[in-house]
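There are 4 protein chains.
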Amino acid sequence: MAKNIYVETLDKTPTPMGQYELVERKGIGHPDSVADALAEEVSRALCRMYKSEFGKVLHHNTDETQIVAGMSKPAYGGGTIVNPAYIMLVGRATTYVEENGKTVSLPCIPEALKAATNYLRKTFPNLDPESEIILDAKLGQGSDDLRGVYQTSKFLANDTSFGVGYAPYSITDRLVLETEEYINGPMKKKMPQTGQDVKVMASRVGRDVTMTVACAMVDKHIEDKSAYISSIEHLKDLVYENALKIIGDEDVNLILDINTADDYDRDVLYLTCTGLSQEMGDDGSVGRGNRANGLITPFRPMSMEATSGKNPITHIGKIYNILSTQMAEDISKSTTPDAEVLVRILSQIGSPVSEPLSCSIQIVTENPRDVKKWKAEAHEIAAGYLANIDKVTENIISGKTRTF
Amino acid sequence: MAKNIYVETLDKTPTPMGQYELVERKGIGHPDSVADALAEEVSRALCRMYKSEFGKVLHHNTDETQIVAGMSKPAYGGGTIVNPAYIMLVGRATTYVEENGKTVSLPCIPEALKAATNYLRKTFPNLDPESEIILDAKLGQGSDDLRGVYQTSKFLANDTSFGVGYAPYSITDRLVLETEEYINGPMKKKMPQTGQDVKVMASRVGRDVTMTVACAMVDKHIEDKSAYISSIEHLKDLVYENALKIIGDEDVNLILDINTADDYDRDVLYLTCTGLSQEMGDDGSVGRGNRANGLITPFRPMSMEATSGKNPITHIGKIYNILSTQMAEDISKSTTPDAEVLVRILSQIGSPVSEPLSCSIQIVTENPRDVKKWKAEAHEIAAGYLANIDKVTENIISGKTRTF
Amino acid sequence: MAKNIYVETLDKTPTPMGQYELVERKGIGHPDSVADALAEEVSRALCRMYKSEFGKVLHHNTDETQIVAGMSKPAYGGGTIVNPAYIMLVGRATTYVEENGKTVSLPCIPEALKAATNYLRKTFPNLDPESEIILDAKLGQGSDDLRGVYQTSKFLANDTSFGVGYAPYSITDRLVLETEEYINGPMKKKMPQTGQDVKVMASRVGRDVTMTVACAMVDKHIEDKSAYISSIEHLKDLVYENALKIIGDEDVNLILDINTADDYDRDVLYLTCTGLSQEMGDDGSVGRGNRANGLITPFRPMSMEATSGKNPITHIGKIYNILSTQMAEDISKSTTPDAEVLVRILSQIGSPVSEPLSCSIQIVTENPRDVKKWKAEAHEIAAGYLANIDKVTENIISGKTRTF
Amino acid sequence: MAKNIYVETLDKTPTPMGQYELVERKGIGHPDSVADALAEEVSRALCRMYKSEFGKVLHHNTDETQIVAGMSKPAYGGGTIVNPAYIMLVGRATTYVEENGKTVSLPCIPEALKAATNYLRKTFPNLDPESEIILDAKLGQGSDDLRGVYQTSKFLANDTSFGVGYAPYSITDRLVLETEEYINGPMKKKMPQTGQDVKVMASRVGRDVTMTVACAMVDKHIEDKSAYISSIEHLKDLVYENALKIIGDEDVNLILDINTADDYDRDVLYLTCTGLSQEMGDDGSVGRGNRANGLITPFRPMSMEATSGKNPITHIGKIYNILSTQMAEDISKSTTPDAEVLVRILSQIGSPVSEPLSCSIQIVTENPRDVKKWKAEAHEIAAGYLANIDKVTENIISGKTRTF
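In order, the protein sequences belong to chains A, B, C and D.
Sequence positions in the first sequence follow the numbering used here and run 2 to 405.
Sequence positions in the second sequence follow the numbering used here and run 2 to 405.
Sequence positions in the third sequence follow the numbering used here and run 2 to 405.
Sequence positions in the fourth sequence follow the numbering used here and run 2 to 405.
Extracted from the complex, chain A is given alone in its bound form (with noise of 0.2 Å):
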């Protein structure tokens, strides 16, 4: 069996059984969500340069991506973008290699702005990158150091540090989760007028849950106020429908908010340009919102380590987040819903990223006596996925996993 994986029970409440859950996901849209997608397409840009050029994944880190808040006029149907919106990539990446004697430079920063412009144009329907942002871009080269570790063929852990993941979700996580999805997914045909900068926050207290959905509005879409209210009364409904589907027959008593900020007598309205508040007053950062399984999640533990952005090679803050969370999934399915599986997997530096100091899976459940049944195939479990990372970094690469 292999090594420094532990199976244990934990003797406290299932987290979704406490008294109080607080969650929140920050849509795709969101300020922080965009410099995490946009670091972490980045990367994957950077990954696929590499592999095609070397056959191998060379170091970098572009986990630094800066927004800063542009400045809109919205209004009824089409405003105006003022100052657009200045968004800086950043980050470390091998800019250039020694080949034979011969320096060859890589073009790290054009790969890199091609990547985000089309992110951008695919995810947002509602902004023209050409003029309503600024891209820059300020990657260079890496510490030598670092860069050694990249050559041994079996990949090294870059630092002490852990990831964190558990499963599975709650009926609080899925439904802030999915109703972030719902609106930024399915939802978006029948109400184009709202905008991908969707923040959903769910507090639970007993089994009642207050969800508050924030939902930029897109200008060009609402003819005037009474047109406005309409459609936030219409997106209410929609969530609404929408969020009993998720709950089915959990025993949960939901209380949903729109743009509670939202202020009809005194004209103040959540009304967008582009569907994103990144136009006017909302600066951004890498690391900043999202964990690696989509929530922000207080009650839970949580690593805070930047995910998005980081090379999917050797670094240990993002690769066992990510680990940790498949493993948990996986592990939860072999058990009840009711348990809370809870994983965290600890690096030693210098040692090879398959070969964790120790990786800790702890079963909350209210009986404890089932951990024993599923210890064996929880430990096969996790030693599979131990085995088997590369495939962990491919999916990543490929864009099939997660980061924020």
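The set of hints was computed from the structure by calculation and includes no laboratory data.
Just to be clear, a hint being listed does not mean it is correct.
Where chains are identical, the list cannot tell them apart; a pair therefore holds if satisfied intra-copy or between any two copies.
Unchecked claim - In silico lysine-lysine, DSSO-like type, Cα no more than 27 Å apart, as pairs:
#	residue 1	residue 2
1	K376	K13
2	K401	K57
3	K373	K4
4	K221	K103
5	K74	K52
6	K103	K74
7	K237	K190
8	K57	K74
9	K139	K103
10	K226	K74
11	K334	K221
12	K139	K115
13	K226	K103
14	K373	K334
15	K13	K373
16	K226	K237
17	K13	K374
18	K123	K373
Only a predicted model underlies this, so the values are computations on that prediction, with no experimental measurement involved.
Chain A is fixed; fit chains B, C and D onto it per the hints.
For chains B, C and D alone, coordinates are given in the frame of chain A:
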């Protein structure tokens, strides 16, 4: 008695008595800490300006400083900064106000630049802010709505959010925190060749603490390799000696490593021109390093909010993190050193900052019955803080309160 | 008769008959010309926006675009842009107006970015504006006072300044101008491997004209060194053939050199990825290249004013340079081809643009007595231009008038 | 006798005796002059660094500094810089060299920043470079080929180009030049309320000279409107008195205007915080202001080349403009003050700088026969300059030679 303050016992093993503990501190010269510090200095400068002009703090959140690494060629006896690091101060501020129908513009960026330069000059004696960094600033007006909350006399929470804090520091915590403070404090005179970029990490397994210090060395004070090696040895002696004082009577077995990435044979050393790794290969941004108590403590509850740079009037992510830490510290003094005090404060958007939705105080101790006798005092301490929340703000503005 | 128009003869040898002539044209892809073009495109876009919003052009001068060279690695068959060139659009504009006590902000920067990107995409087929340049913009409000002059119905001169123009083009002028236009025009289909950065210089000593063409070649259309060499030979043949057409019956002895800095033995070639030398090593800025007639002619009177990007309503440095050139051309048609017509218009700050302090028309000819018979018509032509100065402005805004 | 030096008479009226003359000087605080100065300071700093490291000047052309105006709110007694001006140092430099198979990087940007800041601090006492400007720098490696020319011992012309100069200064020239030097020199102690942004223009019609001075006033030294008005009156008196000294016995009728755009009734005044119009509304760039003799003289031959910031070793546009002016001045001393000496030097790309294609000296005088007796000396002076061209370079590097 003040509403919404709950004191209870929590049935778990206090963290310091658990099997594992992992604690880290990014020293004041780490790029993430430099970003934190500049963000906070800018906020404080704006507070002072607003108070001097208007008698009160106006809306701002300057928590987005971005540092892009430069390029350097360190060398024994003194090397060269080849390309300066680029530092961009970013955030939202009240850049103008309307008074009597006239627009009055406020010098936010000049005040920010001044504060940032002063801090850099005062804190990093080996850095020339004039030629070894490029300092830029993009501070824009926030969205109209957020500025509204400042027009009431009682400050209202900007968000549904929360803060967490704990006390007392464990011995692992103290080793990490006080080691960095020693190296960047009293020890500096003895060893000016140590830079400010000091990263301290300690992992405890049982009673064995492995503390790893990575300390950037300053090339101009080191004439050759043997001077470097003996400096590291000297540093190790001093830090070890100081650590023994910190440990005192505690039952701890300490292993100390300094600059483990060095490889003397391959001439890989942690040599810098400025004592700061931002000069070569390390980017930095706000909220990615230490929490408000100065530490990163994955085995304790942590808030992910960036504390530094946020406004100290309405921003829950700042105020409640600092407040909960200070409450915990005070409450802890009235219990036993072995008890772990956890404070978690939850806001209610739109309600006064001094009236949280809940202020939960959990006391973890091996003798849960003792909690009963501490309850009243804990409650009183918490109520006192909430009643005098202005004092918390004042201490932040005057720089008396740590934010990273 | 219109006041202040003076027609006189000038007793000197017409420049085309003198011993020396030196004429240069920086083609449309030269970095200084790219800067000129972008500055002018931005001004035109602002004019259109102002006219569409307010029915008139508002104050602006966007004549400060700066291009910072990038880094490229051209290679036969197609190389790589390693670092994009950085292009910053700079200038003053009316970024907001006060209307009925309200501030209306105008989208100057988005309009500027759109105009600039469109121009680049349309003009430089081998450049990808999305990934091979970084486009930034800093357009700020001008000082209050200058904006005042726009409130009158007659536009007033912004400065005590002047413009100069001459006609007709000498044969040396035409060789330079028409060679560049040929290479970047009809010839492109035959030789797509020629880039847009074409610099043509001709020095004439007596009847001997040495014309030197430096033409950036586009790597992706050139598969190897021999293809490069034969391309240059082909280019030389085509340019020579075209030059013979330009020369026609004129008594000129032409020597033609192409890419003289090439050194085939040392493999020094003028190979580029984009056909633009801004990709590697050549910065550019406004007003440093061609004058308003498309040429640099050190042996003729020239104005040093940057014409491109200036507002076409009140800016003497722009309007009078264009006006004097157009006047000279028209007047020249009514004289003999051998006569040199010089026009110099001097403004009076604060007076209407259509009422210059003096408009001096000098006719240089070998038979000074002829001037007498041309005088009245010359006067009439000049008066007509001044009376219809709005037409000059309109043609600038619609892009019909050359500015570089 | 040195080859290619031609001395001849030119049959025209010397400019100072013609009917019209227009002369302008942008003072040291005008944004275009600030750009020129910084470009030149950077070049000089690089020259010093290269000489100290390698014993010789390496390739660079740093002639592209761009100044983007800031925003200010001047007020009697001292106003506020609201947004700093943004200054970007741009150009090409030798940023690394290959030595013994190793790449040695050179600190071009830090040296540039240091030189620029020192100049600003030294020259503009009312500007705080730390908070009232943002100083950026983008200096990149030039293209390989240009660097090649530095490997020879004799420096070769970088281009087919030319320089022009004339002497002596006319009385109109001297009024303009010496008035600015007076205001920014000996007068400053008497009137610290005058800023450095001083623009002097003189137009002469016959013997009537109208001199217009626009001088930015410094708000902190001016307590109210009447103080402003009396300052302007005082300034006018001092400048007038000084102008009379300059005029001496010359037959000139002087009209003097100061700050003609002021409108006391509408409270339109030329009041600034820093004495520099870059603080509000005025951009600046290199090569757009004074020629190498300190003046803009549309009625004289001028080169359009930006002199400041060019390398002083091979750049014809710099060296020949300075050289021709110095030659003309020396030759002029050996003729009569009434004679106008014009020098025009033409380079041959690839030939040594000291061996121009032609050096044409034209002496314009009312008694053309006198030229004969001056010819030999003029020739000798010119030959002496060409033989000692290194001296010209040295004086540029040491800052003894004016470039704007």
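Next item on the list: Against the earlier hints, flag every one the structure doesn't satisfy and list their numbers going up.
Entry: Of the numbered hints, 11 and 18 do not hold.
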